[in-house]
Amino acid sequence: MEAIEEVKMIEFFGDPSKAVKIGTSLDSSFERNLTDFLREHSDVFAWEASDMQGVSPEIMVHKLNVHPEARPVKQKKRAFGVDRNRIIKEEVGEAVKDQLHPTSPIPRVVGKCRVSPKTTENGGCVSTSRT
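Residue numbering for the sequence shown follows UniProt numbering, beginning at 1 and increasing consecutively.
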């Protein structure tokens, strides 16, 4: 996604990771006022994931629309490469530490799904067994 006009970066506290983009076509007095305003209220920006703790439910709520009678199903574990696995572990560890993604209350299912053939009345096999 590209900006419609040219933009320039405004850094906060001399830290390039804490910067915002504003348009270059603003007149100088408005740009100065906007920059002063943004710097004055820089504490409202979420610079890191841990900065988002404590968002009031009146402002934002995450809800999963799950049918109440549906039974939980554990997804098959995906195999990733060594590098990608390390990155995933780091990011999940940070999210859990920051309490952004609490652990699931669903118990872990031990075992694998197995298909066992069962003969029907007409002699066909039906897969019905799950353990």
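For the record, the hints were derived by calculation from the structure and aren't laboratory data.
Just to be clear, a hint being listed does not mean it is correct.
[As the list claims (entries may be wrong)] In silico lysine-lysine, BS3-like type, Cα no more than 30 angstroms apart, as pairs: (1) LYS77 x LYS97; (2) LYS18 x LYS89; (3) LYS63 x LYS89; (4) LYS74 x LYS89; (5) LYS63 x LYS74; (6) LYS76 x LYS18; (7) LYS77 x LYS63; (8) LYS76 x LYS63; (9) LYS18 x LYS8; (10) LYS8 x LYS21; (11) LYS97 x LYS74; (12) LYS97 x LYS63.
Which numbered hints fail = Of the numbered hints, just 6 does not hold.
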